[in-house]
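Student: Protein chains in written order, with numbering that gives the first Met the number 0: chain A, 0 to 319; chain B, 0 to 626.
If you are wondering where the hints come from, they were derived from the structure by calculation, not from laboratory data.
Since we're looking at a predicted model, the values are computed, not measured.
You may find that some hints are simply not true.
[Claimed, not checked] Not everything, but these chain A residues come out facing chain B in the computed CB check (under 10 angstroms): (1) Gly37; (2) Asn39; (3) Leu115; (4) Glu140; (5) Ala172; (6) Asp212; (7) Phe217; (8) Thr250; (9) Ser259; (10) Phe263; (11) Leu281; (12) Trp297; (13) Gly299.
Backbone N, C-alpha and C define an ideal beta-carbon position, used for all residues, glycine too.
Listed below are the residues making up each chain.
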Amino acid sequence: MEIFNHNSNIPFLGMRKYSIAIAVFLMLASIALIAVKGLNYGLDFTGGVSLVVDYAQPVQIADVRAALAKGGVAHPIVQSLGGTREVSIRLQTKDDPAALEAGGKVNLDRISSDVLAMLHAARPDATLKSRDFVSAEVGAELKSDGSVAAVFVILGIMGYLWIRFERRFAIAAVATEIHDVLVTLGILALVQREFDMTVLASVLAVIGYSINDKVVVFDRIRELFRLARKAEPEEILNRSINNTLSRTIITSLFTGITMSALFFFGGPAVHGFAVTMLIGILVGTLSSIFVASPILLWLGVSKKDLMPVTKENPELARRP
Amino acid sequence: MSDFPRWKYALVALVMLFGVIYALPNAFIPQPAVQVTANRGAAPIDASVQQKVAAALAAQHVSAGEVVVQGDHLLATFANTDVQRMGADAMKAALGDNYTVAFKLESTVPGWLRAIGARSMPLGLDLQGGVHFLMQVDQSDVLDKQENSYADDIRSLLRDKNIHYESVTRNAVRGQGIAVILRSADDRSKASDAIANAYSDLNLANGPSTGDRFVLTAVVKPDKLRSIARDTITQNLSTLRNRINALGVSEPLIQQQGENHIVVDLAGVQDPAEAKKLIGTVATLQYRPGIGQPGDPRAQEAAKTGNIPPDANLFYMRGTQVPVLVSKKIIVTGNELTNASSGVDTRNGSANVNVTLNASGAKKMLDFTTDNINKPMAVVYVETLYDTKMVNGKEVRTPKTTETVINDATIQGAFSNQFETNGLGSQKEASELALLLKGGAFAAPVDIVEERVIGPSLGKDNIDKGFNAVLLGLALVLLAAAIYYKLFGLVADIALFFNLVVLVAVMSLIGVTLTMPGIAGIVLTLGMAIDANVLICERVREELRNGSTPHAAIRAGYEKAWATILDANVTHLIAALALTTMGTGAIKGFGVTLMIGILTSLFTSVTLTHAFTALIHGHRKLKTLSV
Chain A
0 MEIFNHNSNI PFLGMRKYSI AIAVFLMLAS IALIAVKGLN YGLDFTGGVS
50 LVVDYAQPVQ IADVRAALAK GGVAHPIVQS LGGTREVSIR LQTKDDPAAL
100 EAGGKVNLDR ISSDVLAMLH AARPDATLKS RDFVSAEVGA ELKSDGSVAA
150 VFVILGIMGY LWIRFERRFA IAAVATEIHD VLVTLGILAL VQREFDMTVL
200 ASVLAVIGYS INDKVVVFDR IRELFRLARK AEPEEILNRS INNTLSRTII
250 TSLFTGITMS ALFFFGGPAV HGFAVTMLIG ILVGTLSSIF VASPILLWLG
300 VSKKDLMPVT KENPELARRP
Chain B
0 MSDFPRWKYA LVALVMLFGV IYALPNAFIP QPAVQVTANR GAAPIDASVQ
50 QKVAAALAAQ HVSAGEVVVQ GDHLLATFAN TDVQRMGADA MKAALGDNYT
100 VAFKLESTVP GWLRAIGARS MPLGLDLQGG VHFLMQVDQS DVLDKQENSY
150 ADDIRSLLRD KNIHYESVTR NAVRGQGIAV ILRSADDRSK ASDAIANAYS
200 DLNLANGPST GDRFVLTAVV KPDKLRSIAR DTITQNLSTL RNRINALGVS
250 EPLIQQQGEN HIVVDLAGVQ DPAEAKKLIG TVATLQYRPG IGQPGDPRAQ
300 EAAKTGNIPP DANLFYMRGT QVPVLVSKKI IVTGNELTNA SSGVDTRNGS
350 ANVNVTLNAS GAKKMLDFTT DNINKPMAVV YVETLYDTKM VNGKEVRTPK
400 TTETVINDAT IQGAFSNQFE TNGLGSQKEA SELALLLKGG AFAAPVDIVE
450 ERVIGPSLGK DNIDKGFNAV LLGLALVLLA AAIYYKLFGL VADIALFFNL
500 VVLVAVMSLI GVTLTMPGIA GIVLTLGMAI DANVLICERV REELRNGSTP
550 HAAIRAGYEK AWATILDANV THLIAALALT TMGTGAIKGF GVTLMIGILT
600 SLFTSVTLTH AFTALIHGHR KLKTLSV
């Protein structure tokens, strides 16, 4: 079975002005979104207390909020965790002043029993499934660790591509990588999905996934340059994208299928992970096709940069 | 003919066999069990204990699977966690305090598998429920102590060597060392030599000298500071281990994370209160010279006026709040204590704690007690709490130390490594204190900065959902590949299946803890492992289109795809590696899974499929390929 016409020759490079313009716009929009709306950081980053409460009968989020407001909790974040019977409640420790111990220590047991009492006042069928407390310091540390890891990934990949390919490929890959991460984060900021530790892991995995995609195209570009007698860069790049198009899309589909399975059946714990991955796969696939190669063309990739270095005998290499 | 070498077939067969065997233990679901161990001093576990347990369970109508004695402990298995809880309660009630009753998941992996080192993956807390703590170790306290003790040592050294000094004081800024002020340049160089000889861990430098004040600064070397920090963590880890062992949790996870964090994961524990009480209490003992008796006029006056002698601290007796003056000099700290046990004082029948010190503590204690018979010695109990305040919108934590004197007794005679502390309120207090002391004191205060309690039902939910997601993701990709690439798709399917098997086998063998992010990593690996096969199949198709014969197409397909697969996987590996460097457990688990997955998929997607392809097509003349 084949979905794609193997002789396709879509002029992707011909659209480069538009595709790059769109990519730049998306990046700027993402930066603006992250700056204005901000990421909806989860408990792992903000610190505070998080409780997961299970109800025997379906419950309205508004009712849970009302019950908490009645109990005196100022700004709880109440979210439904897939289904109508499970809710997650997040609050800052200062929202429940009664539970702060004399020494300023956070008493998670006290907070959770307080909150449960408030919920029970409204609905007796609430039970506590899990409770978390994270201090703000740990959250801040995670943020900086995450940024360091992202920089490490990007530099590591750049170094490898520089050695295995050439400088221009490394730069093009990293530029596209940054685009992918920014746009993924931008979409997360737009839909205000909770950004927790698993989502951070997912963003880092998106980098890994998307670089995979780019390397496949780059590999083909190198191969075609080496094979071609008359190497017109634009044509070579276009042919490379078209040649690998089927693979790019099929792999994205396959990975997308597994991530959808994770999204629909993996439960709330991995929801954020799967969604981020799906966004990342889409962005990464599109940027492999529309963004990476135009950058490469502008950087001025050419046949002679990619020929294997022949040191031993230049005389021999010149023979037909 | 196939050009696939024989040894590679053998390798593929071996890896497949390895995968199946070492992944197999995960198919045996562990059974909820309760483990009973005897505390020190209690009668060992034997048939009588076994009968007692069996009788207790029968009396409470709790049906146990089996109750057996295994070496030094007793194990009772139960059908599910509810029965397990009821069983544990019944057993606790019947056995009393002399035995530790702990929840456990008993492996049901057959002996022959265990004999070859095959075991199932341990489950993370998010998959089985339990309590997770992240603790921060406050190193500044240790540095304070260290600098103070160097200052003391320098003073006595200079006195011994008869070098006159004006003062030896610790710099007010922590880590800035000790300032020794001498009266002449000659004295300074003598002091410098003496200190350098005696304490090689100090960096000495001459400070500014004005008139007859010659300053010598001694700063602890960075190497030494690092080793102190390392020792502090190590000691805190072992202290935690001891304390948690006393709690009776089977297989607790206690490890260092980052530079000064410690993670404690207690699987199966649902009520963290007791654990927190033990973990959270930062208690150390200090033996210090006492000044007068508790409540004597000097102490009373100091308490009233606030005029405390410069070399003393004003504390209160624990419980009674009677003021007492205690010297600032510390003779021995809890760090030098090796054992403590509670008992009864034979003379007056009150509760006491018998204490054993290590060699350095013993020497200091002997020196002190020899010179100070009939003088008081106070035992100061130091508890540390943390105060969290908001300053300029930021959380600032300041340690708050409460010091109480639990005992201020007259030294009856010189002693060194063995002595007793008496005057404790009750037998219960004595045993509690002994437990804390025996657990060892923390070298530095710890503070819980993260706490998670995961209910067992949530764990069960997660594992079911994770399992479904893996199976469904796998099934869908298998189906899609078979439809799209026909026979080559089926071969890729075999590879993908074995990728899962080998991945699970490797994770089990090296003991990676399975968590929800880890499961996400497995699913992602499955989705991405097929990429190598997509690359190969697309290449083979291309070669066929270009007019290659089927055999040539297979050979060229694998050859040409290999370079691409390698580049793509190495870059992906770099990303996975970065994930594993993240300190946090959840992300680390994901990264490790991803990394192992990339490596196993390289083998299964390329070598394994090549072997199968060669086996299927090798000896036949082919007109077409099913790809």
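Student: Next, verify each hint and record whether it holds.
Tutor: Evaluated hints:
{"no.": "1", "hint": "Gly37", "result": "violated, 16 angstroms"}
{"no.": "2", "hint": "Asn39", "result": "violated, 19 angstroms"}
{"no.": "3", "hint": "Leu115", "result": "violated, 13 angstroms"}
{"no.": "4", "hint": "Glu140", "result": "holds, 8 angstroms"}
{"no.": "5", "hint": "Ala172", "result": "holds, 8 angstroms"}
{"no.": "6", "hint": "Asp212", "result": "holds, 8 angstroms"}
{"no.": "7", "hint": "Phe217", "result": "holds, 8 angstroms"}
{"no.": "8", "hint": "Thr250", "result": "holds, 5 angstroms"}
{"no.": "9", "hint": "Ser259", "result": "holds, 8 angstroms"}
{"no.": "10", "hint": "Phe263", "result": "holds, 8 angstroms"}
{"no.": "11", "hint": "Leu281", "result": "violated, 14 angstroms"}
{"no.": "12", "hint": "Trp297", "result": "violated, 22 angstroms"}
{"no.": "13", "hint": "Gly299", "result": "violated, 22 angstroms"}
Consistency with the previously given hints fails for numbers 1, 2, 3, 11, 12 and 13, ordered from lowest to highest.
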